[in-house]
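2 protein chains.
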Amino acid sequence: MVLPVKGNMTVMIDEFIAAHLDESLQEVMALCRQPSVSARREGTRECADLVVALLARHGLEVSKFETAGNPIIVGRIAGRSARTLLCYNHYDVQPPEPLNLWQSPPFEPVIRDGALFARGSRDDKGELVARLAALAAVRHAHAGQLPCGVTFIVEGEEEIGSPHIAEFVLQHRDLLVCNGAIWEEGGIEPEGAPYISLGARGLLAVELSVSTMKTDAHSGRAHFLPSAAWRMVRALQSLKDDSERITIEGFQSRAIPPTALDLEYLAKLPDSLALDREIYGIEHYLNGRTSAEIRRAVFEPTCNIQGITTGYQGDGLKTVIPSKASAKLDFRLVPDQVPSECLELLRRHLDKHGFGDVNVMLLGAMHPAKTSSADPLVALAASAAQEVYAKSAVIYPMVGGSSPIYAFRGPLGGIPVINPGIGYWDNRAHAPNEHIRIADFSQAVRHIARIIDGFADIGAP
Amino acid sequence: MVLPVKGNMTVMIDEFIAAHLDESLQEVMALCRQPSVSARREGTRECADLVVALLARHGLEVSKFETAGNPIIVGRIAGRSARTLLCYNHYDVQPPEPLNLWQSPPFEPVIRDGALFARGSRDDKGELVARLAALAAVRHAHAGQLPCGVTFIVEGEEEIGSPHIAEFVLQHRDLLVCNGAIWEEGGIEPEGAPYISLGARGLLAVELSVSTMKTDAHSGRAHFLPSAAWRMVRALQSLKDDSERITIEGFQSRAIPPTALDLEYLAKLPDSLALDREIYGIEHYLNGRTSAEIRRAVFEPTCNIQGITTGYQGDGLKTVIPSKASAKLDFRLVPDQVPSECLELLRRHLDKHGFGDVNVMLLGAMHPAKTSSADPLVALAASAAQEVYAKSAVIYPMVGGSSPIYAFRGPLGGIPVINPGIGYWDNRAHAPNEHIRIADFSQAVRHIARIIDGFADIGAP
Chain A
1 MVLPVKGNMT VMIDEFIAAH LDESLQEVMA LCRQPSVSAR REGTRECADL
51 VVALLARHGL EVSKFETAGN PIIVGRIAGR SARTLLCYNH YDVQPPEPLN
101 LWQSPPFEPV IRDGALFARG SRDDKGELVA RLAALAAVRH AHAGQLPCGV
151 TFIVEGEEEI GSPHIAEFVL QHRDLLVCNG AIWEEGGIEP EGAPYISLGA
201 RGLLAVELSV STMKTDAHSG RAHFLPSAAW RMVRALQSLK DDSERITIEG
251 FQSRAIPPTA LDLEYLAKLP DSLALDREIY GIEHYLNGRT SAEIRRAVFE
301 PTCNIQGITT GYQGDGLKTV IPSKASAKLD FRLVPDQVPS ECLELLRRHL
351 DKHGFGDVNV MLLGAMHPAK TSSADPLVAL AASAAQEVYA KSAVIYPMVG
401 GSSPIYAFRG PLGGIPVINP GIGYWDNRAH APNEHIRIAD FSQAVRHIAR
451 IIDGFADIGA P
Chain B
1 MVLPVKGNMT VMIDEFIAAH LDESLQEVMA LCRQPSVSAR REGTRECADL
51 VVALLARHGL EVSKFETAGN PIIVGRIAGR SARTLLCYNH YDVQPPEPLN
101 LWQSPPFEPV IRDGALFARG SRDDKGELVA RLAALAAVRH AHAGQLPCGV
151 TFIVEGEEEI GSPHIAEFVL QHRDLLVCNG AIWEEGGIEP EGAPYISLGA
201 RGLLAVELSV STMKTDAHSG RAHFLPSAAW RMVRALQSLK DDSERITIEG
251 FQSRAIPPTA LDLEYLAKLP DSLALDREIY GIEHYLNGRT SAEIRRAVFE
301 PTCNIQGITT GYQGDGLKTV IPSKASAKLD FRLVPDQVPS ECLELLRRHL
351 DKHGFGDVNV MLLGAMHPAK TSSADPLVAL AASAAQEVYA KSAVIYPMVG
401 GSSPIYAFRG PLGGIPVINP GIGYWDNRAH APNEHIRIAD FSQAVRHIAR
451 IIDGFADIGA P
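As you go down the protein sequences, you meet chains A and B in turn. My numbering numbers the first residue of the first sequence as 1 and each following residue consecutively. My numbering numbers the first residue of the second sequence as 1 and each following residue consecutively.
To be clear, the hints were calculated from the coordinates, so they are not data collected in a lab. Honestly, I wouldn't trust all of these hints.
Chain copies aren't distinguished; within one or between two, either way the pair holds.
Said to hold, decoys possible - BS3-like mimics (lysine-lysine), calculated; alpha carbons at most 30 Å apart, straight line:
#1 K214 x K352
#2 K391 x K268
#3 K352 x K318
#4 K214 x K391
#5 K268 x K214
#6 K240 x K352
#7 K391 x K324
#8 K64 x K268
Using the sequences and the accompanying hints, generate a full structural model.
As structure tokens, then:
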């Protein structure tokens, strides 16, 4: 008896979405018409006010919170059930430059060839509107009352590293209490199947630096003066063995291996070697790892050198012994590694290996965060995806990069976080000619609506 | 009977030098008044002509040879004996900038506080004139005929790396045939004793470079994309062990250890740890080596990193995997290492250790060159030093740097090369306020005169 009702419900939902598609696109265009470049605080306050009005128009109870940076907006709407779904979005955008590469002006949205072009159309104004459109459709199908509560949190500093969001979440846990969340953006793979990312690695970024002399010296003295360049090479070399394993004692002790279900999802992921060969011009993966091995390796921490600075870097030669050397590193961390602990282990490692003279400066840190592959929200998103896209969702138990998901997940009680969305592989987010395809937008709204529609039920005991 | 004659001879020599000191200083000032900045070919031709005239005025038979750069001048004068001493000098100077730091204009020579200030006064116009003054004194003492022949070779591109001198020497071996040589410049140690350098290490300078991808990549992919930064760190690490020993197979096979006499001279060298502590701010020498160990280590080749360039070097962090990395290296070589052979061994080493993707580009090469500590010319210079300075000469069997001495030594039959001269530790050569102290000049002329005076005798069977 459940299925026919559901079927009827989704027909109503989809019809409403289709009927209001133009309205939704107008909302995207209205937001995109307002520049909101956080990097230079251009139009961000005006855009925040547009978002306040938009959420209010959609029936949410809206609060605008001032921060030391741009305002954070929270909009809430209650549902029949006590369960609440949180949507995280942002209203700020990347600078549009270089302007000459845009086919139409970045802040004059235009629809052509079935796509909407504007800075922010994908990242992240279109995603925000898609969720509001889904919410409206579900509310309509349920005669005005949502089956679950929905809370939006929309910030204005995502493109500059979200300097205020973590503290805000900590301070407003009561306001943001929820049972699951939809992260900023999602979309489809080249084959047309939507992807679902369940986790992101953490980050520990540091700068190592060493000074061996007051001044650079003539290299004819290399047999007795200490070179900072060689000190740095040796310190770096001590961090990792030739099989890429980090050799810092205790570094991996908190690392949790993938579950059986994680491994199952990893095994189903598409082989991207052909694509990576094209993009990066590589023949093989690092150390000849197979595609299966690299998929599994996302559950291991990495130690990357971002850059090294030492000595003479101009043309020709300069017979000099460098007195100073520095290297920027980032470690990607897996659950349950803790950045501050890893920093301490790094320091201890350097001391123990005779590199007490190598300084370590913290550049940045993010915790890893991972939603269980077995979480019912994942199953809900996957079955909704099957229905809307007629394809199995591609589930990434973990992605290689890092994100501030942890800033929500931890304080809000370890909620599951997924990411349905409007994107595809060539949206040009952060680049000239950013756009969304209208068909993608429409499908994503239907996908998100099904998740909102089903969210109350997956919490039933 | 020999001693009294000698005594009489040196009295005549010293009296002549003293009597003509002002004249000599006028010659230095006349040369210094003529700018001759090879880096921008400013006044070099005019200065070459002044040198031609000066050598002719001193009774030498002069030839000026055009090169693709500045002219090379050769002046010859025969002696009673068939033995000939070669003097190598240059008439070009370093640019005088920054001009505002000069107390008097660089090309307006002036004598104040017992010193002659001008660009080129020390390096190398004063040295050239000192040798001519010594020659005049010896010739006068021997009633107009020198006991040995003297040949001057004066080039105009020393300050830009002597690009034409090696080829010139090869092409004019007949003209330059000699039994020993005096190198460009010399002088006294802080304690007032003259130093004699007998050798210089060779040089092999290369740039290693590696490219692992077509483009830099997001560091979230560090578990599967190859980093050029890590490739370079590992390639460098493979070149040397922790005790600074170069691990390139066969690299040291031609290295000749110091002789017993070399070791004796090395043991007598002043301990420079206190000075090096002050200059470089170091506590200890490299790897805690003792002063005795570092003196001995000048007979070992070195592998120095001049600089490393890879990845992001700006402020803050950038989560990027570098696709390109390069490192400039210089190896100092000892007799009888051959730069081209060492280059080939380096290539072979990289290939053998799995770094076939690391390119090696030659940046520069110089052969090592060393005069035997037991050569009679060394003993002559040392005993003349004792007489003039009333101090034992400090003999460096080898210095850590490199010089184009080899370009003369090899083609001219392995001649001994020494370097008496007018300098002291604070001449400011290459810097503002370059100067010579007149007392140093005068002593050096007396020292050089004794070497010219005795040079015929040390060749007697």
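Status of the hints after comparison with the structure:
1. For a Cα distance limit of 30 Å, the shortest separation of K214 from K352 inside one copy, 25 Å, qualifies, whereas the shortest one across copies, 38 Å, does not.
2. For the homomeric pair K391 and K268, the shortest alpha-carbon distance inside one copy (13 Å) is at most 30 Å, but the shortest distance between copies (84 Å) is not.
3. When the C-alpha separation of K352 and K318 is checked against a cutoff of 30 Å, the pair qualifies only between copies, where the shortest distance is 28 Å, while the shortest distance within a copy is 34 Å.
4. In this assembly of identical chains, the alpha carbons of K214 and K391 never lie at most 30 Å apart, being 64 Å within a copy and 33 Å across copies at closest.
5. For the identical chains of this complex, K268 and K214 are inter-copy neighbours only, at 28 Å across copies versus 56 Å inside a copy, given an alpha-carbon limit of 30 Å.
6. In this assembly of identical chains, K240 and K352 lie within 30 Å of each other by CA distance both inside one copy and across copies; the values are 15 Å within and 21 Å between.
7. With identical chains, the CA atoms of K391 and K324 are never at most 30 Å apart, being 55 Å at best within one copy and 40 Å at best between copies.
8. Neither within a single protomer nor between protomers do K64 and K268 lie at most 30 Å apart by alpha-carbon distance, with minima of 43 Å and 80 Å respectively.
Consistency with the previously given hints fails for numbers 4, 7, 8, ordered from lowest to highest.
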